[in-house]
Amino acid sequence: MKAHTKYLVFNTPKRRDYINITAEVTRAVAESGVQEGLALVSAMHITASVFINDDEPGLHNDYELWLEKLAPHAPTNAYRHNRTGEDNADAHLKRQIMGREVVVAITKGKLDFGPWEQIFYGEFDGRRRKRVLVKIIGE
Amino acid sequence: MKAHTKYLVFNTPKRRDYINITAEVTRAVAESGVQEGLALVSAMHITASVFINDDEPGLHNDYELWLEKLAPHAPTNAYRHNRTGEDNADAHLKRQIMGREVVVAITKGKLDFGPWEQIFYGEFDGRRRKRVLVKIIGE
Amino acid sequence: MKAHTKYLVFNTPKRRDYINITAEVTRAVAESGVQEGLALVSAMHITASVFINDDEPGLHNDYELWLEKLAPHAPTNAYRHNRTGEDNADAHLKRQIMGREVVVAITKGKLDFGPWEQIFYGEFDGRRRKRVLVKIIGE
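Just so you know, the protein sequences line up as chains A, B and C, in that order. Throughout the first sequence, residue numbering follows my numbering, covering 5 to 143 in sequence. Throughout the second sequence, residue numbering follows my numbering, covering 5 to 143 in sequence. Throughout the third sequence, residue numbering follows my numbering, covering 5 to 143 in sequence.
It cannot be assumed that every hint is accurate.
One copy or any two copies: either way a pair holds, since identical chains are not told apart in the list.
Said to hold, decoys possible - Below 16 angstroms or equal to it, Euclidean Cα-Cα: the simulated EDC-like pairs (lysine to aspartate or glutamate) are:
{"no.": "1", "residue 1": "Lys10", "residue 2": "Glu35"}
{"no.": "2", "residue 1": "Lys10", "residue 2": "Glu28"}
{"no.": "3", "residue 1": "Lys10", "residue 2": "Asp21"}
{"no.": "4", "residue 1": "Lys112", "residue 2": "Asp58"}
{"no.": "5", "residue 1": "Lys6", "residue 2": "Glu143"}
{"no.": "6", "residue 1": "Lys10", "residue 2": "Glu90"}
{"no.": "7", "residue 1": "Lys18", "residue 2": "Glu68"}
{"no.": "8", "residue 1": "Lys114", "residue 2": "Glu143"}
{"no.": "9", "residue 1": "Lys6", "residue 2": "Glu40"}
{"no.": "10", "residue 1": "Lys73", "residue 2": "Asp116"}
{"no.": "11", "residue 1": "Lys10", "residue 2": "Asp116"}
{"no.": "12", "residue 1": "Lys114", "residue 2": "Glu68"}
{"no.": "13", "residue 1": "Lys6", "residue 2": "Glu35"}
{"no.": "14", "residue 1": "Lys6", "residue 2": "Asp59"}
{"no.": "15", "residue 1": "Lys114", "residue 2": "Glu35"}
{"no.": "16", "residue 1": "Lys10", "residue 2": "Glu40"}
{"no.": "17", "residue 1": "Lys112", "residue 2": "Glu35"}
{"no.": "18", "residue 1": "Lys114", "residue 2": "Glu28"}
{"no.": "19", "residue 1": "Lys73", "residue 2": "Asp58"}
{"no.": "20", "residue 1": "Lys114", "residue 2": "Glu40"}
{"no.": "21", "residue 1": "Lys6", "residue 2": "Asp21"}
{"no.": "22", "residue 1": "Lys114", "residue 2": "Glu72"}
{"no.": "23", "residue 1": "Lys10", "residue 2": "Glu72"}
By construction, these hints were calculated from the structure, which means they are not laboratory data. Fair warning: this is a prediction, and the values are worked out from it, not measured in the lab.
Working from the sequences, and respecting the hints, build out all of it.
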């Protein structure tokens, strides 16, 4: 069994952002030499997300409005978590909707994807250094 | 390490549907010969979902009403994604709530499930051909 | 390839609860002897969740209020599932928001975690015996 570990680093200028990381994950799969296996891609921070969906800016705008409706950032004092001095309770909620991680199959040395699957880093409390883990196992 | 890959194909007559695929996944595990390992079951299309819950039609009806409340299909022009000519923005949102994939343990050659766990394909924009990937690794 | 399987048992006195199980999973990783691999941690019951987020009681209180807003327990007769004699339809919905499982990387014999990642068992219909599965594969 082979294992390959890679960390991607992000520091988004905006509080919230959606970044396509498919190319980086594809590169990690090539580096691993794994032909058949699994790739785990996970946010290492609890106010961020890794998810698979469409690379279409209109959809990302829809996510943005929708997540703000389901878990609004303000008023920040509506959340007990923010009494700790943080203002990011909403980001902990948004991340549960969008998910922490994806697990992707590797078949014949490639990400085994449908026609529109793209991997995104979803940032909900940016403007600080954060990491994504790529862990590949297989043979 | 063994690896086994299988694709299930769906073309639901309705826009939204919930289909029990546990038997197909069970069959794939048997075909793989894997005794100890993991099975990834994932929707290859970004307006569909694979999730684990109860095989109870009343609950599926509850999911249907709940998802329509959280991410309504209409009015379709409320979503910027639909300006691309699609009318399925809501399906991209519903799929985030229900999830893209499940990872299931294989123990002693079988899906290691609790008493009520069943695997479902959740379709949110049907009436077209779509696939689900089953990837099994282990020994 | 090594495989290690462990079952954790819960019987919460309250209907809903959030329990940190990171120490139990860490112990299972040590027992497995796996240096490089993946750990699946999944709820074996369909009204419970395993998720990764912050060990901060204010945040858990926020989750509690938020989940009750998105999928309220009462009125129980608003859910068709409850016509089966159950009163836990809301728990099946809450679990979809919070997720069934997490997959965690094992690197150099340890859970490869960011600074605040902690694994939680989320119970949404407690006061009965339930299990969580930990499945570790790797080398």
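Going down the list of hints, with the structure as the test:
{"no.": "1", "hint": "Lys10 to Glu35", "result": "within (10 angstroms within a copy, 25 angstroms between copies)"}
{"no.": "2", "hint": "Lys10 to Glu28", "result": "within (10 angstroms within a copy, 26 angstroms between copies)"}
{"no.": "3", "hint": "Lys10 to Asp21", "result": "neither (22 angstroms within a copy, 34 angstroms between copies)"}
{"no.": "4", "hint": "Lys112 to Asp58", "result": "neither (24 angstroms within a copy, 34 angstroms between copies)"}
{"no.": "5", "hint": "Lys6 to Glu143", "result": "both (6 angstroms within a copy, 9 angstroms between copies)"}
{"no.": "6", "hint": "Lys10 to Glu90", "result": "neither (29 angstroms within a copy, 36 angstroms between copies)"}
{"no.": "7", "hint": "Lys18 to Glu68", "result": "within (13 angstroms within a copy, 28 angstroms between copies)"}
{"no.": "8", "hint": "Lys114 to Glu143", "result": "within (12 angstroms within a copy, 22 angstroms between copies)"}
{"no.": "9", "hint": "Lys6 to Glu40", "result": "both (10 angstroms within a copy, 9 angstroms between copies)"}
{"no.": "10", "hint": "Lys73 to Asp116", "result": "neither (34 angstroms within a copy, 33 angstroms between copies)"}
{"no.": "11", "hint": "Lys10 to Asp116", "result": "between (19 angstroms within a copy, 11 angstroms between copies)"}
{"no.": "12", "hint": "Lys114 to Glu68", "result": "neither (31 angstroms within a copy, 35 angstroms between copies)"}
{"no.": "13", "hint": "Lys6 to Glu35", "result": "within (11 angstroms within a copy, 21 angstroms between copies)"}
{"no.": "14", "hint": "Lys6 to Asp59", "result": "neither (31 angstroms within a copy, 33 angstroms between copies)"}
{"no.": "15", "hint": "Lys114 to Glu35", "result": "within (11 angstroms within a copy, 22 angstroms between copies)"}
{"no.": "16", "hint": "Lys10 to Glu40", "result": "between (18 angstroms within a copy, 13 angstroms between copies)"}
{"no.": "17", "hint": "Lys112 to Glu35", "result": "within (14 angstroms within a copy, 19 angstroms between copies)"}
{"no.": "18", "hint": "Lys114 to Glu28", "result": "within (13 angstroms within a copy, 24 angstroms between copies)"}
{"no.": "19", "hint": "Lys73 to Asp58", "result": "neither (21 angstroms within a copy, 22 angstroms between copies)"}
{"no.": "20", "hint": "Lys114 to Glu40", "result": "within (8 angstroms within a copy, 21 angstroms between copies)"}
{"no.": "21", "hint": "Lys6 to Asp21", "result": "neither (33 angstroms within a copy, 39 angstroms between copies)"}
{"no.": "22", "hint": "Lys114 to Glu72", "result": "neither (35 angstroms within a copy, 36 angstroms between copies)"}
{"no.": "23", "hint": "Lys10 to Glu72", "result": "neither (31 angstroms within a copy, 38 angstroms between copies)"}
In this structure, the hints that do not hold are numbers 3, 4, 6, 10, 12, 14, 19, 21, 22 and 23, in rising order.
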